[in-house]
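Participant: Those protein sequence lines, which keep their order, are chains E and W. In terms of this note's numbering, the first sequence has 344 at position 302, counting the first letter as 1, and numbering is strictly consecutive. In terms of this note's numbering, the second sequence has 172 at position 130, counting the first letter as 1, and numbering is strictly consecutive.
Calculated from the structure, these hints are not laboratory results. Bear in mind that the values here come from a model prediction, so they are computed numbers and not experimental data. Note that beta-carbon positions come from the ideal geometry of N, C-alpha and C, so glycine has one too. The reader is advised that the hints may include incorrect statements.
Simulated coverage check for chain W against chain E, where a stretch passes if three residues somewhere in it have a Cβ under 8 Å from a Cβ of chain E [to be verified]:
{"no.": "1", "stretch": "202-216"}
{"no.": "2", "stretch": "284-291"}
{"no.": "3", "stretch": "304-314"}
Number of protein chains: 2
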Amino acid sequence: MVPAVEESSFLRACRGATVGRVPVWFMRQAGRSLPEYRALRGSGSILQAIADPALACEATLQPVRRYGVDAAIVFSDIVVPLHAIGFGVDVVPGTGPVVASPVRGPGDLDRIRPLEEDDVAHVAETVRLVAKELAGDGTPLIGLAGAPFTVASYAVEGGSQGFTRLKTMLYAEPKTAHALFDKLTRAAIVQIEEQIAAGAEAAQIFESWLGELDRYDLEEFSFPYLARIAEAVRKKGVPVIFFGTGMGGHLERIAALGFDVVSIDWRMPIEDARARLPGAAVQGNLDSTVLLGPKEAAVDRALRIVKAVVDAVHAFKWK
Amino acid sequence: MVPAVEESSFLRACRGATVGRVPVWFMRQAGRSLPEYRALRGSGSILQAIADPALACEATLQPVRRYGVDAAIVFSDIVVPLHAIGFGVDVVPGTGPVVASPVRGPGDLDRIRPLEEDDVAHVAETVRLVAKELAGDGTPLIGLAGAPFTVASYAVEGGSQGFTRLKTMLYAEPKTAHALFDKLTRAAIVQIEEQIAAGAEAAQIFESWLGELDRYDLEEFSFPYLARIAEAVRKKGVPVIFFGTGMGGHLERIAALGFDVVSIDWRMPIEDARARLPGAAVQGNLDSTVLLGPKEAAVDRALRIVKAVVDAVHAFKWK
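Given the sequences, and given the hints that come with them, work out the whole structure.
Facilitator: What follows is the structure in structure tokens.
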């Protein structure tokens, strides 16, 4: 009998249901840490690889085969929509996204045209191929999209170069910033809806740099757009995961945005996140730098986190 | 009548006493944002400038004269002890600390000899000169020292190049890391004791990169050393201020370390910090990037923070 994906430990955990064991998957599980991925990729750009659904499907499946992770995540990138509309972005190995002509004022907004379904047909096709491959074993597939502040940080700064230009835009040209974030929110929603329609069973939204904003800028320039994206995904009936870093000062407000799951970094104890995020499931917490140390240290740290989660869940239930 | 420095709004606030108005001072208030500082400095290295007590005294006093800030902070740097013992560190404009031969294993520990009082005599002399100048107007002077993880990040990485080498040392060679942190803790205590003996009326301890560690590494490799430094400073009878960034996931544990004041960054609402740091005064919270926007935005953000503090203090008292 084929296991039902809806009964997978990952999707049950996303919904806050009891699971027999803690489901595991990794951020960046697909990619250059795997020898088979390096063999598959060759020398092209990552955006070229993403544009090839057969290759992207294989990259998505490699970690599922090697590690038996409890979920696959589509091999894609948060700058795919910008690239798809011809904005002029590349992802340079060791550097990250690089933009030739960044957004520097209202005159640049026209260069961000609305994302059409056809623009991300290659990602949808990857999702279809992966979903077909995974149908046999009940492993769920996570789709992804970038949230506006984080995608804008590349579009405005021109790359991974801090946040001073974008923050200056928030202070000096708030209308331009809102217009940009509105466009990027619409693009994120189209991107994720297409992946869900193609078979993604969950969606992770990357507002990776949320922690760089203060509470006032979050409330004006990030949270409203995040809530719109969360609502759009939930309307499609799949769990929506929020990912950010440096969120320790804002968890209670993030809890109110409507996400089913919050993916935290290592910068807070996971049981504190559990207590401060009522109504959401919590995942993450391992500092991936531990993988550079001895294997024992990495295993020990991972087990400590799982134990902290299990203890917190039990304490929570026993109340 | 000369106003008593102990009755200054800054020192009263450090002790949690009522103040007539919120005292103000700025991180990096002495330095290159001031035209008179650039004129004073000329082209030498900042460590050369720190080594010249007359020049360092003048740099310390410039922001007090220009802005009428409620406290002066000694013009010094957290890598001064490393430099003073001949470890081989420079501070490169636009880059930060650069170390020629970083600590890469236990064999490098001997290169960090104990800091002697004479090694930091120039900083003590600066403090004496400033204290003499400020004696007339009751403005307190803050001394400073770097905490072990942060100073080690420069000593081990070789500069502002992330934390992967130092974190790998924590996992792979914890004994070497502890030996290094113990040496740097002793150096921090000598450095701050000399400044207090010379007339500093408060001390700020910079564990600037605390937010990069997870709770397990903090508990093993940072908190015990911070508590030792806090205790040493408090024994000298002056308030001790803790500065770190990205602390939102750890405030309750930081509250237990014995600091009188916690200096937070902009990554959490200040009233939340107030509530989560019982027994400590709270300062900071302005994202300095706002200074790149229009003046109105900077004034508005600063006023919002002061209002949030005042409201929180009143709410706290009315309970």
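Participant: Evaluate each hint against the coordinates.
Facilitator: These are the hints, each one checked on the structure:
With 7 residues having a Cβ less than 8 Å from any Cβ of chain E, the stretch 202-216 of chain W passes the three-residue criterion, so the hint holds. Counting residues of the stretch 284-291 of chain W whose CB falls under 8 Å from any CB of chain E gives 4; the rule of at least 3 is met. For the stretch 304-314 of chain W, the proposed coverage by chain E is satisfied: 5 residues have a C-beta within less than 8 Å of a C-beta in that chain, meeting the threshold of three.
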